[in-house]
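K.L.:
Sequence:
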Amino acid sequence: MRVISGKYRGTKLFSPDGTATRPTTDRIKETLFNIINFDINECTFLDLFSGTGQIGIEAMSRGAKSVTFVEEDNNAIKILEKNIEKIRLQNACKTYKMNINKALPKISAEQQTYDIIFLDPPYYYTGIGDIVKYIIDNNILLQTGKIIIENATDADDIDDERLILIKQKLYKNTKINIYERM
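Just so we're on the same page, my numbering is the position in the sequence shown counted from 1, plus 5.
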C-alpha cells in the first residue's frame, strides 16, 4: 500500500495483516482521484470507515486542506495513527476512534462541514442510506459537495432527491458511486 500521487507520492504506508480491513486497490484509488482531481485542492475531506487511512492520506498528498478520519477497529486505528505519524500529518488530521453512529453526531455538534465525504464500509453494510441521510439532514456535507461510496458491485445505490449520481465506475467486485449535493 502506497501513496500514488502528490506531495507524498511513493511513500509506503503500513497495512494490516489478514482480511479484516480491505484496502482500496491502487487502480481504483487512481481512477477515483482522477475523477475528483479538480475538487481536492484545499478541500475539507471526511474519510468514514477509514481503515488504515490510505484514502484520506492520498487526499492530503494531493492538496486537501484537512482530513477527518472515522474508524472503530482498534487494529486499523493503530495502523492509521502510524501512517499519519509517518507522513507527519498530525496537525492537518483529526481522528474519531469510534463507531460511525457516534462520530457523526459529534461532527455535527462541532459544526464541522466537508467538501468531500468518502465512505468505504464493509461490503454489504446495510446502514449506508441512513448515514447519507444523516449527513445531508445535518449539513455535514457542504452545498455542491460530493459523497463518494465504495461498495460491492451489487450494493444498492443511494436514493435521495438531494443528491445526484454524477459518476459510477464498476470493477469486478467493487463499485464507486460519486454523488453531488444539489
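The hints are simulated quantities; they were obtained by calculation from the structure and are not laboratory data. Just so you know, these numbers come straight off a predicted model, no measurement behind them. Hints should not be assumed to be uniformly reliable.
With a Cα cut of at most 25 Å, we get these calculated DMTMM-like pairs of lysine to aspartate or glutamate [to be verified]:
1) Lys174 <-> Asp135
2) Lys180 <-> Asp44
3) Lys102 <-> Asp78
4) Lys102 <-> Asp120
5) Lys83 <-> Asp44
6) Lys70 <-> Glu185
7) Lys138 <-> Glu90
8) Lys107 <-> Asp120
9) Lys107 <-> Asp31
10) Lys70 <-> Glu86
11) Lys138 <-> Glu86
12) Lys87 <-> Asp22
13) Lys99 <-> Asp44
14) Lys174 <-> Glu185
15) Lys102 <-> Asp142
16) Lys102 <-> Glu77
17) Lys87 <-> Asp135
18) Lys102 <-> Glu115
19) Lys70 <-> Asp31
20) Lys174 <-> Asp164
21) Lys91 <-> Asp135
22) Lys70 <-> Glu90
K.L.:
Check whether the Cα positions of Lys70 and Glu86 lie no farther apart than 25 Å.
P.N.:
This hinted pair holds, its Cα atoms lying about 18 Å apart.
K.L.:
If you draw a straight line from the CA of Lys102 to the CA of Asp78, is it 25 Å or shorter?
P.N.:
Answer holds: Lys102 to Asp78 is near 8 Å, not above 25 Å.
K.L.:
Would you mind confirming whether the straight-line C-alpha gap from Lys91 to Asp135 stays at or under 25 Å?
P.N.:
34 Å, violated
K.L.:
For a C-alpha distance cap of 25 Å, please report whether Lys99 and Asp44 respect it.
P.N.:
20 Å, holds
K.L.:
Are Lys102 and Asp120 close enough, with their CA atoms no more than 25 Å apart?
P.N.:
22 Å, holds
K.L.:
Sort out whether Asp22 lies within 25 Å of Lys87, counting only the CA atoms.
P.N.:
Roughly 15 Å separates the two Cα atoms, so the pair holds.
K.L.:
Holds or violated: are the alpha carbons of Lys70 and Asp31 at most 25 Å from each other?
P.N.:
22 Å, holds
K.L.:
CA of Lys70 to CA of Glu185, is that 25 Å or under?
P.N.:
It holds: about 20 Å lies between the C-alpha atoms, which stays within 25 Å.
K.L.:
Given the hinted pair Lys107 and Asp31, is their Cα-Cα distance within 25 Å?
P.N.:
Roughly 30 Å separates the two Cα atoms, so the pair is violated.
K.L.:
Is the hinted pair Lys138 and Glu90 satisfied, with a Cα-Cα distance of at most 25 Å?
P.N.:
Violated, at about 33 Å.
K.L.:
Does Asp44 sit within 25 Å of Lys180, going by the straight-line distance between their CA atoms?
P.N.:
20 Å, holds
K.L.:
What's the verdict on Lys138 and Glu86, does the C-alpha distance respect the 25 Å limit or exceed it?
P.N.:
29 Å, violated
In summary, the structure is inconsistent with hints 5, 7, 9, 11, 17 and 21 from the numbered list given earlier, while agreeing with the others.
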